[in-house]
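There are 2 protein chains.
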Amino acid sequence: MKEISIGLIGFGTIGSGVAKLLQENRDVLEARVGMSLRLARVADLDVETDRGVKIDRSILTTNADDVLQDPNILIVAELIGGYEPARTFVLTALRNGKHVVTANKALLAEHGAEIFGAAYQAGTQIAFEGAVAGSIPILRSLREALVANRFEKVLAILNGTCNFILTAMDETPGVSFDQVLGEAQNLGYAEADPSLDIEGIDAAHKLVLMLSLTHGIRVPVSRIHVEGITGIDPFDVQMAKEFSYKIKLLAVINDSAQGLEARVHPTMIPRNHPLARVNGVFNGIYLKCDAADEQLFLGRGAGKEPTASAVVGDLVEIARNIAAGCATRVPPAGYPEDRISASGITDIRNVVTNYYLRVQAADSPGVLSKISGVMARHRVSIHSVIQKGRHTSAGVPVVFLTHTAREADVRRAIAEVADLDVVKEPPVIIRIEDETIT
Amino acid sequence: MKEISIGLIGFGTIGSGVAKLLQENRDVLEARVGMSLRLARVADLDVETDRGVKIDRSILTTNADDVLQDPNILIVAELIGGYEPARTFVLTALRNGKHVVTANKALLAEHGAEIFGAAYQAGTQIAFEGAVAGSIPILRSLREALVANRFEKVLAILNGTCNFILTAMDETPGVSFDQVLGEAQNLGYAEADPSLDIEGIDAAHKLVLMLSLTHGIRVPVSRIHVEGITGIDPFDVQMAKEFSYKIKLLAVINDSAQGLEARVHPTMIPRNHPLARVNGVFNGIYLKCDAADEQLFLGRGAGKEPTASAVVGDLVEIARNIAAGCATRVPPAGYPEDRISASGITDIRNVVTNYYLRVQAADSPGVLSKISGVMARHRVSIHSVIQKGRHTSAGVPVVFLTHTAREADVRRAIAEVADLDVVKEPPVIIRIEDETIT
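Here the protein sequences line up with chains Y and R, keeping their order.
Under our numbering, think of the first position of the first sequence as 4, with each following residue one higher.
Under our numbering, think of the first position of the second sequence as 4, with each following residue one higher.
Please note that a few of the clues may not be correct.
It does not matter which identical chain is used: a pair holds within one copy or between any two.
[Claimed, not checked] Listed below are the simulated DSS-like cross-link pairs for lysine-lysine, each with C-alpha atoms no more than 27 Å apart in a straight line:
| no. | residue 1 | residue 2 |
| --- | --- | --- |
| 1 | Lys-291 | Lys-23 |
| 2 | Lys-307 | Lys-291 |
| 3 | Lys-23 | Lys-156 |
| 4 | Lys-57 | Lys-23 |
I should point out that these hints are in silico values taken from the structure, not numbers from a laboratory.
These numbers come from a predicted model, not from an experiment.
All chains, please: the whole structure from these sequences, using the hints.
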């Protein structure tokens, strides 16, 4: 049986998961693939800790070059995460003619041009299914099965930490963001420093990778409008419920009349939207395509075994390509590297959608008329209003749901509302996504 | 730009959808694929009807041989459906060295050994993503992204006609199967002769194809236990609701302690199971894998554009392989043809699951004790009972939910119950699937 030698860089959670999966499912892999994936070398700074996987100690090394320079190793899996030394390892592997598998979304999102360019120059492949939505086969589906479609809309829950927190806040009325974050950290669902997750940056990294597949463009993460979930107030979670919405951190691609929108922010979606049932640490992706119409993918977006599933799937893809002599059969970024465009996405101010607005106002006559007057002047039309009798020092909350309005108009209206002397706090703005699968 | 010539056999709904999609999305296809898919010839017995797609009349022909014998045509899409002449066309194309795309599940399920064998012999590829769950990329996902997994359980809604009918029966209390079937026929969701769909045969065809991908076995459809939905009574639909279940026609693969189960039958699933939200003509597939854990796919399982999306995705896959010189890179049946086994699935009598049992009994003292006594003797343990005061000439309905029981025991118990003189009608048995995604 033909054998393909693989090297791992990184023997932490994901790396040991990959080694374990290659061992435990060797029989089905060999039966399906018709060849053997041999783990030839594993590099990690720590080769002493027991990883819960039996491995020949002689293949362990603390020197990544033992993987990167080994001529027998055809595929390198980079599983250390972060920017450096991951970037150097990946570029070295590619320049040495090795194919690369990685689940490192941050690296690919920030250094994609350099890394994909290096792979393109070297004629080698880089596969990264595990970088977006973990075990869910979304990248392959966009690149291959759904390749004939124009992607009109992508709504995606891509960060399990945020989804765990928002699910808990929805299920436990009144619980604060900080309380749930602490719980998530205790359960291992949030990092000690959770900022990349809760600030929406991780989801934005994944969105940038999806954009290259759906629209053939490569934009810097800094161009994406990103809002995290740290400001989500339990009161707004409960108000969302009253309006039959759930708040989710969505990564959105919307190919609209306003241009190509790409944004990450907390979003109210109808409770009967299929994404509203993506709970806890699960990820979910909703697609609206011109031919395939609506599609939903749901599964685990992180974790040892689910990510290992994606990484080994990529190892197999490359191994099959090597065996068949066609390593660069499908462009990893969806479009051939020389057709990837840097053309932009539209400014968030051009977005047209519905809005949830909460204003903390003094409980005095004429307040509602003042606020709604400002909104009308800025062409923000009100669909419904609820004024709750919850008196606090910050006044009473007045909640507006708008008809579709232009973000620029909403921002101008809200800036003016915030300046009213009856308004006690900066208003809360949460976008609403009303589209529902049949 | 490199050009690959394609021939279509069949210019009905799907065929004209494929022609239209190739035209309308030519720009994105060329940008993504880096080559051009040229529709070189289209064969259909009827070349006069307007198909709503502009096409050069000179490429139309009534003679399939004009496609099958054209040396310039590298890929043939068979889109006429049915067994003959589809089988002959597909075999001829393969033997002529052409790659084949088809969405014909009946043909592949019944003649898979012959057809896959012919492709294997010829070194050509056969792709059929559209044959199972239409636009949902389930076959590719099983063969590629999830290739490292053992598939422990597959629960799939694979027939849109049945799902439309069952959804309507759930939503409209009391409406009969026949009424909804008539409505489905009026809406074009059911054929004039709907038997393949409503008897579960179509779902069984798709299940047989999935089995080759998940477990590398090829079994005749006749070996699959198949029950359709024609016997579903509105009363049982409402009882399911009372127990928080929904009735769905499920295709089930279960790699259990009892062996490999493959079966198609109406099934009660919890109303909070993600498959319970797959409504109307949508299809959905739930997977339980050892590494990737739980996955859900949802989308349109039939229709002109969704099926065309799958067919063109397959055309692109093969075109990419041709351009890269690796046509048979991934075995279409999941396992290489010479490793596909004929080893069997376990008999339905070995299945262990929960059951819904309805007995129409005389409303007289001691009835419940008689029935439950029979069940206890056959080791069928009762979880809950509801006796509804609905008197009819057939007696009162007594509904039992069982703890997990062995199908053989349930059948023996029910046969004996049916023979009791207080029992008026053959009892109703509906299996329950209690597993729920987190």
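Hint check:
1. Lys-291 - Lys-23: between (37 Å within a copy, 19 Å between copies)
2. Lys-307 - Lys-291: between (30 Å within a copy, 16 Å between copies)
3. Lys-23 - Lys-156: Between. Shortest inter-copy distance 21 Å satisfies the 27 Å Cα cut-off; intra-copy 37 Å does not.
4. Lys-57 - Lys-23: within (8 Å within a copy, 54 Å between copies)
The structure agrees with every numbered hint stated previously.
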